[in-house]
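A.B. asks: Read off the chains here:
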Amino acid sequence: MEGASYQRFPKVKIRELKDDYCKFELRDTDASMANALRRVMIAEVPTIAIDLVEIEVNSSVLNDEFIAHRLGLIPLTSDRAMSMRFSRDCDACDGDGQCEFCSVEFHLRAKCINDQTLDVTSKDLYSSDHTVVPVDFSDSSSGFDNTEQRGIIIVKLRRGQELRLRAIARKGIGKDHAKWSPAATVTFMYEPEIHINEELMETLSLEEKTSWVESSPTKVFDIDPNTQQVVVVDPEAYTYDDEVIKKAEAMGKPGLVEIYAKEDSFIFTVESTGAIKASQLLLNAIEVLKQKLDAVRLSEDTVEADEQFGELGAHMRGG
Amino acid sequence: MVGYSSAPPDYEPLKELVKHHIESFDHMVSYGLETMLVSISPVEVFDPFTKKKLRIWFEKPQLFRPQKDGISRRMHEALYPFECRQANITYSGKFLADVCFQYGNGAVIREKFNFGQFPIMLKSNLCHLRGANPQKLVSRKEESSEMGGYFILNGIERVIRLIILPKRNYPMSMVRNSFRDRREGYTDKAVVIRCVREDQSAVSVKLYYLNNGSARLGFWIQGREYLLPVGVVLKALADTTDHEIYVSLTCFYNEKHGRGKGCVGTQLVGERVKIILDEVRDLSLFTRIQCLQHLGEYFQPVMYGMENKSYFDVANAVLRGYIFVHLENNQDKFNLLIFLLQKLFSLIDHTSEPDNPDSLQNQEVLLPGHLIIIYLKEKLQDWLEKAKRLLDEEINNESKTFDFTSLAHVKKIMDKNHPKQIGLAIENMLKTGRLATLSGLDLPQRAGMTVQAERLNFLRFISHFRAVHRGASFSGLRTTSVRKLLPESWGFLCPVHTPDGEPCGLLNHMTCSSRITSYYDSQGNVRDFFKMRMSILSILVGVGMAPSLPKLVQAGPPEVLSVLLDGRVVGFIPSDIVEKAVNHLRRLKLSETAGIPADLEVGYVPLSMGGTYPGLYLFTSPSRFVRPVRNISVPPEKNNDIELIGPFEQVYMEIRCADGGDGGRGNSLPATHEEIHPTGILSVVANLTPWSDHNQSPRNMYQCQMGKQTMGFSSQAIHCRADQKLYHLQTPQTPIVRTKAYEKYSLDEFPLGTNAIVAVLAYSGYDMEDAMVLNKSSVDRGLCHGHIYQTETIDLAQRGGRSDRSQRIFRRSNLDKPVHSLIDSDGLPYVGQTINPNDPYCSVYNEVTSTTKTTKLKGLEPVVVDYVAVDAKSNRNLQKVNIRLRRSRNPIIGDKFSSRHGQKGVCSQLWADIDMPFSGVTGMRPDLIINPHAFPSRMTIAMLLESIAAKGGCLHGNFVDATPFSSSVKKAGGESESESSSLVKELGSMLAERGFNYHGLEVLYSGVYGTELTCEIFIGPVYYQRLRHMVSDKFQVRSTGTVDQVTRQPIKGRKRGGGIRFGEMERDSLLAHGAAYLLHDRLHTCSDHHIADVCSLCGSILTTSLIHQPQKRAVREIGGLPPGRAPKKVFCTACQTSKGMETVAMPYVFRYLAAELAAMNIKMTLQLSNGAGA
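Chains as they are written, first to last, in this note's numbering: chain A, 1 to 319; chain B, 320 to 1493.
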């Protein structure tokens, strides 16, 4: 077999970028690459989340485990996460949280002393490291009026109830527990390619056209008010639900439209929990993916696997 | 679509559900006790020396609110239910009554007797929580929606079960083969009437038909049935002539009608009456006095306390106490007996049908208050009789100095017969559900009268109050006729909500709309039955009824119909005006001013050809089922068109469904009534299934089962409770798709599940056969997280012997330092501490032996100490503590889940989020994957509808109403409730509006490959319930472990770490496969493998014995090798040699068998040979 190179040079084009939202195109690669990116973004980009909770006083209505669980799910700003160590790999400590390389300590003290219910929120968590703090949504440009909101509610206290605890946040990945997942949503779709058979389309009356256009639940097609021609207004709104194709068949006009998915171009939507900026999430993901590939390449197993897989092994090592 | 209201919830509908429990208890407290005490006949003690008579009877019962045994006598502190629950004591109040003594005709002396502690029903009018608003309830550490209706006994909540009884005061004709066995000459036919006194005690009377044409009246006195010739009873009841009896009995036959419609009499009746009268004459009884004398003579030996009375008095007592006890007047009894005979004769002549005792038409229900009062009556009666016996004994005992005339002496004797045992007897009855009675109280069963009101979740709890049991005696019956769903129970018992399996059809549940009549009217005022009956009578007479006294009418059906009001023949009404009268009565029922109770049952049985015996049967009595329907003969504007109807009258009424159609009845029988809403035929639990009208019916039944096993939010006052076991869901949600009943019964207070995004596809293969795949990240984020709260009560007073009670205190040992991290210095665990299995959590110190004993945690999972409560009642050391432990139960593989449509499944994998399929548009990954094969055969269409509807509801931000049958309800405008023609259309367009597929399908991409799945996937939110069956409570695994002492085989039982039996059938299957090695491994190597020494000379395995050689054990330790075992020296004690010893592998039980046989003098010998020489 000739050493034909399958190497491609994927391109990324960012369409929209906000702190917690990103939409970009990924071109000139295949589904495995796109999906790997998605999977890494969800499950393997490290973040920091509260992992150990030591409760000193808890007279709230929620039990200790419940509060600990809720604390764990609070997103913490994790820009430092990539440079931190996993507590299990940390040589400087034995993972008890006293170490700057692998952990961040939090304190929470709240007591309700008047008759009004006290909301204990993520803002009441005091961090030992100013770079790792609960995510603050109030300054984000999400459009909400956040003057009232004081962060994420942990528990509500009534008069006399108290909550006092020490929490240790650690680096982790979403594979281990969903609390370490930096991504709220990562999804991609294949870019559709829509060809309307104009000749056939012309045989339709305006009413038929309208009903055909409306058969798609999303607004992909529209009728030009001037020419009364069916035009594609938003190909990416197409969800591959085949509704229009089925409709065309039902109207007795099969082949009215042909829709293909481009196999090598993807439109990604990334929403971050706030732990990492969406753009950073993507970069970190690529970094992690690279590290993983390096691990495959360098691992001794692959040398052994070489014999097993023969040429494929060589290919895997970047041959 | 339904908006969400934030108004404070209205708990009235919930209270309505348990009203029958509370009202019956209330009536017992305020009136029933008094009536009952009066009806207990006084006892008389006669002293032959002083010739004085002492009459003793009861008066003036007094029941107090529950109080704490005060520290001082003056201060009385209220005892609240939550304290009872936590301290494991009974919520009871003091029960006092006056015992009245009267010597001869002297002055009446009253003495208050304390009859002990009487359990009080929660929220009855003696309960401290009565009338408390939600705020107060919460401050009393109850649920804000607490409804009461149950008792607290030793800290456990118990409800009295509603049991079906035959309808009171209604003569039922029955055909039963067992009647033949009564005595020679009896037929299988009889008319039976269960007569109930004012104080709720009942006596059933049976009128048997004899082969010779006569009849016998049978009733039970003290466990024996007495059968009287009916003629004697007739004559004893009224001063009449034979002719008069003859005329009364034969009047319902008239030759001119022949065998036309509604004719029940035949010419044979005359012959039978002659036989009856001849029988009396043969006994040479002619006058009433003679008959009474005859009865008195016959019954004197069995009537207790009437030994010295005249025959005349005895006979009257029998008539009063056993024959038609619901009537006081002998003339009324006579009339009723005549009616019974006529009904019996018509049954014999097949001019009327037997009544079906299994039909709800002829049934009523036993209410808690009524049960308690009849039981209490018997207990008090027994107590009084025993007191009399004791006094009699004391009088006859000459050696003692007993002054009969001194009340102090009499009281002293009576105190020997502890009055407090009365309260205790009631408490025990409620605790165990067993009636300790000889007479049986005319009830169908003696055990199982109460059940524990488990708060597993709210649905289970509420169902206990709505459950109606057919009677324990029927569960053993082989026939299925009693379990049948009969059309008569329409609207009263839920056809869906009955368990499948053993109690199927016997344990039914009342529909949400049905109620049970009580002594209270809808305003809560006590009914005056006498006044009610009088006004009914006057109305009937006004309409044209001829009263039975004076007896002017000598006719019967079809000319006139007998009118029975609560089992009394009040008159005769011409059959041509009866319909008008019935309609008139029904109209008066609706008006509040007429003095006719709203729940009067107008059972008009029309004339028919051989149907039920005709008549007009009116019932005002309590404990009947009633349900509301709309009377359409009344103009709807008047707003009082809701009529309460009973199951007896329902059968003869024309009630149409509310869908606007006529139900195919045409013009011949126009409907007079209309159902209010079709969901009225479903129970509360069945009403919660969304769109249950789109499901296959068994699935709805399964959901009723599973809804009650769901881990939900069982209690809001969980921190103040000490239940043995409580299941608790950490993050419950309110369903997006819900029925109207959900809000009506404020179930948001006790939610039961989670809205999970469910994808229906075959993915990963782990969703086969009703397994389901859960998304691991969803579980990480808290999906279906739960806890089990378990309370351990440690009561030093109860443990151990009586001797060392006072010597033990809670304290930890100072020596055992490692325990200090788990147990505080008071001997109790730290709150919030995690305890691992086999760790101690409580330490008790014995002051005399100065030893400490710790209680260790059982089970296999770590627990957290949730709460420690101490009972500080005793001022000395603590004696009792409750330790509440919390087990965290987050979903793991093997836990059971179910949707609300009887679709249960077991979690088979916690699948990684990234491997789950995802939607390209929204990026959503499902929380849960189920297999599409769950749908075709089960046909739970409503689950699909729920998924679509919930998706639409989410997108639009509102709840979706899923009340079943709402398409078949016509609105005031005449249209059906849902505007659009089809439900699916409506739901689908909700999705399409928001750019989703009309059918709820979505294009998903494989999470593993990132490629589009080849077909569109049905995905949407479905409300999922987590069931209480969890692997952690069920798994059983063993490699090695404890073995049985005798057989050396592995023991059984999960708790003890035993194995699962590999039985004959399993063995057979291995044999069939020829898996010999595996078979050997299972049944021998892994079981009781044993190497026995056998003496080949005598063939015995029992006579061999090991010789202990004198210590010659060569200690040779060659490096790396285990110490070599010295060759065993075995010796046969029978043969006195060690020659010919062989070792044979065998099951140890074989040796045991040999030993057992030897014990029976049977010798077993083994013949050994090597394989070749066999």
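It is possible that part of the hints are untrue.
In silico DSSO-like pairs for lysine-lysine, Cα to Cα no more than 30 Å straight-line [claimed, not checked]:
(1) A:K156 x B:K1223
(2) A:K247 x B:K1304
(3) B:K455 x A:K111
(4) B:K387 x B:K372
(5) A:K175 x B:K1223
(6) B:K580 x A:K253
(7) A:K156 x B:K1304
(8) B:K1175 x A:K156
Label-pair distances were calculated between CB atoms; the ranges are [as the list claims (entries may be wrong)]:
(9) A:I286 x B:D1145: 57 to 65 Å
(10) A:R109 x B:F1381: 57 to 65 Å
(11) B:S987 x A:L206: 53 to 61 Å
(12) A:I14 x B:Q1015: 50 to 58 Å
None of these hints come from the bench; they were simulated from the model. Think of the CB as a built atom: it goes at the ideal place given N, C-alpha and C, for glycine as much as any other residue.
A.B. asks: Could you run down the list of hints and mark each one as holding or not?
C.D. replies: Hints, verified against the model:
1. The hinted pair formed by K156 (chain A) and K1223 (chain B) fails the criterion: a straight-line CA distance of about 35 Å is larger than 30 Å.
2. Simply put, K247 (chain A) and K1304 (chain B) have alpha-carbon atoms about 17 Å apart, close enough for the 30 Å limit, and the pair holds.
3. Distance hint between K455 (chain B) and K111 (chain A) is fulfilled; the C-alpha atoms sit about 25 Å from each other, no more than 30 Å.
4. With a C-alpha separation of about 41 Å, the suggested pairing of K387 (chain B) with K372 (chain B) is violated against the 30 Å cut-off.
5. Of the pairs offered as hints, the one joining K175 (chain A) and K1223 (chain B) holds, with about 28 Å between alpha carbons and a cut-off of 30 Å not exceeded.
6. Between K580 (chain B) and K253 (chain A), the direct Cα distance comes to roughly 72 Å. Violation of the 30 Å bound is thereby established for this hinted pair.
7. A C-alpha spacing of about 43 Å is found between K156 (chain A) and K1304 (chain B), which places the hinted pair above 30 Å, so the restraint is violated.
8. Between the alpha carbons of K1175 (chain B) and K156 (chain A) the distance comes to roughly 35 Å, so the proposed pair goes past 30 Å and is violated.
9. Between I286 (chain A) and D1145 (chain B) the beta carbon distance is about 59 Å. The supplied range of 57 to 65 Å therefore holds.
10. Checked against the hint of 57 to 65 Å, the C-beta distance between R109 (chain A) and F1381 (chain B) comes to roughly 59 Å, which is consistent with it.
11. Our hint of 53 to 61 Å for S987 (chain B) and L206 (chain A) holds, since their Cβ atoms are close to 57 Å apart.
12. Remark: the range hint 50 to 58 Å for I14 (chain A) to Q1015 (chain B) is upheld by a beta-carbon distance near 53 Å.
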